[in-house]
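J.: Chains as they are written, first to last, in this note's numbering: chain L, 1 to 456; chain Z, 1 to 481; chain Y, 1 to 250.
Keep in mind the hints are simulated off the structure, nothing from the lab. Warning: the hint list may mix true and false statements.
[To be verified] Looking from chain L toward chain Y, a few residues come up when the C-beta cut is under 8 Å (computed):
(1) P315
(2) A399
(3) R400
(4) L411
(5) A414
(6) F415
[Claimed, not checked] Quick list of in silico lysine to aspartate or glutamate cross-link-like pairs, EDC-like style, CA-CA up to 16 Å:
(7) Y:K50 with L:D390
(8) Z:K198 with Z:E296
(9) L:K347 with Z:E156
(10) Y:K100 with Y:E126
(11) L:K405 with Y:E126
(12) Y:K50 with L:D344
(13) Z:K277 with Z:D245
(14) L:K301 with L:D328
(15) Z:K352 with L:D361
(16) L:K379 with Z:E156
(17) Y:K226 with Y:E69
(18) Y:K78 with L:E391
(19) Z:K413 with L:D390
(20) Z:K413 with L:E391
(21) Y:K50 with L:E404
(22) L:K379 with Z:E420
(23) Z:K413 with L:D299
(24) Z:K413 with L:E403
(25) Z:K141 with Z:E156
(26) Z:K377 with Z:E428
Note that beta-carbon positions come from the ideal geometry of N, C-alpha and C, so glycine has one too.
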Amino acid sequence: MSVLIDNTDLTLRLAGHFREAEALLASGSPELMNLPRKKAFQDFIAQGIPTRKSENYKYTNLQPAFAREYHFLHQRPKIDFKPGEIFRCDVPQLDTHLVILLNGWYYEENSPLAGLPDGVFLGSLEEAARKYPELVAQHYGSLAETVADPLVALNTALARDGYFLYVPKNVRIDKPIQVINLLLADSDAYVTQRNLVVAEPGAEVKLILCDHTLNLNNYLNNSVTEILIDENASVDYYTIQNQHNQSASVNSVYIRQMENSHVTTNTISLHGGLIRNNLKVIIDGENSEANVYGMTFLDRKQHVDNFTQIVHAKPHCQSNQLYKNVLDEESSGAFTGQIYVMRDAQKINAYQRNNNLLLTDKALMQTKPQLIIEADDVKCSHGATIGQIDEEALFYLRARGIEEKQARLMLMNAFAYEVIRQVKVEPLRDRINELIEKRLRGEISRCHECAYHCNC
Amino acid sequence: MEDQDRILHEVTQREYKYGFYTDIETEIIEKGLNEEVIRTIWEKKNEPDFMLEFRLNAYRKWLKMEMPDWAYLKIPPIDYQAISYYAAPKKNPKYESLDQVDPELLETFNKLGIPLEEQKHLAGVAVDAVIDSVSVKTTFKETLAEKGIIFCSFSEALQEHPDLVRKYIGMAVPVADNYFAALNSAVFSDGSFCYIPKGVRCPMELSTYFRINAANTGQFERTLIVADEDSYVSYLEGCTAPMRDENQLHAAVVEIIALDRAEVKYSTVQNWYPGDKDGKGGIYNFVTKRGVCRGESSKISWTQVETGSAITWKYPSCILLGNNSVGEFYSVALTNHHQQADTGTKMIHLGKNTRSTIVSKGISAGVSDNSYRGLVKVMPGAVNSRNFSQCDSLLLGDKCGAHTFPYIEVGNKSSVVEHEATTSKIGEDQIFYCNQRGISTEDAIAMIVNGYAREVLNKLPMEFAVEAQKLLEISLEGSVG
Amino acid sequence: MLSIKNLCVSIEGKEILNGINLEINPGEVHAIMGPNGSGKSTLANVLAGKEEYEITDGEIYYLGENLLELSPEDRARKGIFLSFQYPVEIPGVPMINFLKTAVNEHRKFKGEKPLTAGEFLKLMREKKQLVEMDTELTNRSVNEGFSGGEKKKNEIFQMALLQPRLAILDETDSGLDIDALKTVAHGVNALRSPENSTIVVTHYQRLLDYIVPDHVHVLYKGRIVKSAGKELAFELEEKGYDWIKKENED
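For reference, chain L alone in the conformation it holds in the complex (with noise of 0.2 Å):
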């Protein structure tokens, strides 16, 4: 089908769908989630289904995924397997407490719990909204704001579950928490995905995020994650991305810190057909660090769009981001990488990178760097490059002897390790260093094994 749809049909498209499912994702929610989603909706009605006329999406259209049918699960559906039996994560060595969502849902099987310490909460949100609703209430919707983006306002609209990960006060998680997202639906499906994390003061927790599709429908994702630093506590969040050509998915992170606090970020874009990430820091606590970093290696016609913005709040904090493509065949990137100081959040060190390597004539890269600041005693700076491999170091490694394919390969991970060695799992760092060496000679490179066996 290739008619045009316009814009406002799309958005009153779903219009329609929300008044025949708002009934259907009342019953059975939370009040703390039933309570936003009037006036979320409205929020997304107001701005509607973004196009590139919208400058925070100009590089990255959703029409067309938003233009296909889609079958809304807006209800838990009853599944006669086990997740964990269909999908197993085959990184070796990589010991994790682990926990598995399929379409979104939050699955019982799950049993993480027994080998985390006291006080530690990691389970389904719709069943922690109702165990512990004022913890919940305090800090769901506290970040992303439905007026600022219509995806997160429509997320909020359709959330039902999602993860929730409480740390109490000076808790220490040393082995790292592995969220595996699971897309696997018997028809083309529309899922949406709404997790919350909460770090006490002193805290401290490393998340991995895996996301996977397991068959070829096409789905569309609209995830949300708010996650909340108290003063003193310390997340690394690491993203794996790996998903089919079909898929299209918006994630949208909210991060908010306080004084002392830290925080990594690590996003690798492996595969998937369209992929928007969204990722906001608020600094909001002196002597604080935020350090996100991202790499995606994207070729056919895939698109990945990383759209960052750290604010500075707060005085004597320190951010670093450090993004990289490398873009073959006739794949697509953006970056929109935005520093914002406000008035005096003075003694800041604000620092942003975004290096590309395009490897053929079709591949587009677009990029967006930017800087507001409002507080004079800063160092801040910016740089971006689009280009290929710099031929002096080719030269180099050749006139050692080493063959120009394999100097190039060379250099190519050396440009990715730049952000993989900022993944502090080390098994995991060696599997992601693994796929990408693979990548880069042309091999197929999945990280999972996949019980579907999809040619994807």
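Since the structure of chain L is provided, determine the placement of chains Z and Y on it from the hints.
T.: Just chains Z and Y now, kept in the frame of chain L:
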């Protein structure tokens, strides 16, 4: 720090030097904009028929457009019906010799440092003086004509060389390119026209001096520069306006066409009245400047020193169409008090082996906001293209803002685009070092800022560079908070 | 070993070398001297196979083979080693991976088995002593964060690892203090043999106190304008290049 504050205070109280008003008898048409007004302008100027079409077409398109809101600017609503679209000194708008020029007018330009008597003028600069949208005098016309160079007011060009104008007008900036360009295309009253024939190196700097004098008027001038094959010209533009409490609109268009191997250097020192220290008054400077490198190995270079205007919205750009063509943009933009500037460039690479360079130096003081906004777009066919951009911001005080919004789009694998940007303030240690060597804080700041802007100032023709340097000093000495 | 006949080279249409003739026999050390911009580094880079140079005329034979037809990596494997004037920094490529790959590529070419990790480390330890390389340096990325002297030592260290037949030292002395200079020269001398040849490209005579050449050539405006024994170097040191310039202007 107290010392610095004091100096800042003293310096920022200083008055705008060019803020006087000259009482010249002026013909102003009634306020408001409609098709009748456009016809009136066309008739008054006795333009060829195609211009009426051009103007009405632009006007009709403008009606359907909206004012752009994407810039990092707070623009108060503008009542386009409250502006008069044509103002001109009344007496004999076309002067055959200097004797006929209103002495008041001559005095005005003398006060501005732009004597219209050729023998008094800086040697080697030909001036087209435009006051309230009308060109009053072009110097050295005859000297230039000997080389076949046409340098005259736009109105004159429409009378004498209508075919040339018709061929090139709108080539770089189509009538409906943007809101302000459309408005200009509908109502522009005068400006400069320049044609450099094949193989001619223009022997002197060409210059247009713009002066807004009348109240409640807008200034809408238009400049068209055509550099034919293997030619070269360096063009300067300067501007000032009286101090008034009301804001005045200036929406100009500059088009440059460079054919094979031609080179055009366009320099601007923009010093429109910026408003007072409380942000009252000042010019809204919404300008569209664009050059097309149509020919192979052609080159267009923009250099701007922006110190004036209450609000600046301006992006001198290059369309690099010819293979091996080159685009350059060098900018110093300074904002103080309540000034706002959103300025930068666009480099559109279409031809093979095209190169562009962007150097932008922003300086923010007071409570101003200063943004760099730029686009570098390399199309798939523009193989082996290169761009390097360097955008630095200097913050003088903790109440101002410095922002950088580059857009970079590359569609082939053989091109290389690099962008770097930094934001910083003048280091206490730098000032201390100067103090220790006996240099006052005020001088130290001036020195450091000048050093910071040097890379751009060096690109200006000599006469201009000195002027620009002084201007920078006046506009910001001591403004470190 | 190396035979250069009437070599003419230009870059972006600008002629840099015009008619170089040079014969180098096994075991010989040739010094190529000359003022800045005379084309010394161009010659070194052309021998290593840098692609941005256009060979407009002439030929280069190396061990009886047409050198100009070989890729840079094949030249390296056949024993040509260029010690770069400005060794490039390659962030993200660990020194050790780089060296191991290079060594094993050379071995593969000679039909030898690749070294195991253990063997390679042993070899490295051995060669490191030669140039007093700091162990810590090999743990970094290629040349990244190396001081000028460390970069040059690293070049000679690689030379020791790769055992070239023809070593080309491009301004290896620039930026070295006297101790580093001695270390580097010691490394180079230790690798000299009756089979191997060396080309020392330098601006100053001082390196030649430590690496004593058999022949000295003066390059000026893309041509060899003078050739003699090592005494020529002293003469140059004494009289400066103006003497050469003058002679060739007239």
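J.: Now tell me, hint by hint, if it's right for this structure.
T.: Status of each hint after checking the structure:
{"no.": "1", "hint": "P315", "verdict": "violated (31 Å)"}
{"no.": "2", "hint": "A399", "verdict": "holds (5 Å)"}
{"no.": "3", "hint": "R400", "verdict": "holds (4 Å)"}
{"no.": "4", "hint": "L411", "verdict": "holds (7 Å)"}
{"no.": "5", "hint": "A414", "verdict": "holds (3 Å)"}
{"no.": "6", "hint": "F415", "verdict": "holds (6 Å)"}
{"no.": "7", "hint": "Y:K50 with L:D390", "verdict": "holds (13 Å)"}
{"no.": "8", "hint": "Z:K198 with Z:E296", "verdict": "holds (14 Å)"}
{"no.": "9", "hint": "L:K347 with Z:E156", "verdict": "violated (58 Å)"}
{"no.": "10", "hint": "Y:K100 with Y:E126", "verdict": "holds (14 Å)"}
{"no.": "11", "hint": "L:K405 with Y:E126", "verdict": "violated (30 Å)"}
{"no.": "12", "hint": "Y:K50 with L:D344", "verdict": "violated (52 Å)"}
{"no.": "13", "hint": "Z:K277 with Z:D245", "verdict": "holds (12 Å)"}
{"no.": "14", "hint": "L:K301 with L:D328", "verdict": "holds (9 Å)"}
{"no.": "15", "hint": "Z:K352 with L:D361", "verdict": "holds (13 Å)"}
{"no.": "16", "hint": "L:K379 with Z:E156", "verdict": "violated (52 Å)"}
{"no.": "17", "hint": "Y:K226 with Y:E69", "verdict": "violated (29 Å)"}
{"no.": "18", "hint": "Y:K78 with L:E391", "verdict": "violated (22 Å)"}
{"no.": "19", "hint": "Z:K413 with L:D390", "verdict": "holds (13 Å)"}
{"no.": "20", "hint": "Z:K413 with L:E391", "verdict": "holds (13 Å)"}
{"no.": "21", "hint": "Y:K50 with L:E404", "verdict": "holds (13 Å)"}
{"no.": "22", "hint": "L:K379 with Z:E420", "verdict": "holds (14 Å)"}
{"no.": "23", "hint": "Z:K413 with L:D299", "verdict": "holds (14 Å)"}
{"no.": "24", "hint": "Z:K413 with L:E403", "verdict": "violated (21 Å)"}
{"no.": "25", "hint": "Z:K141 with Z:E156", "verdict": "holds (12 Å)"}
{"no.": "26", "hint": "Z:K377 with Z:E428", "verdict": "violated (39 Å)"}
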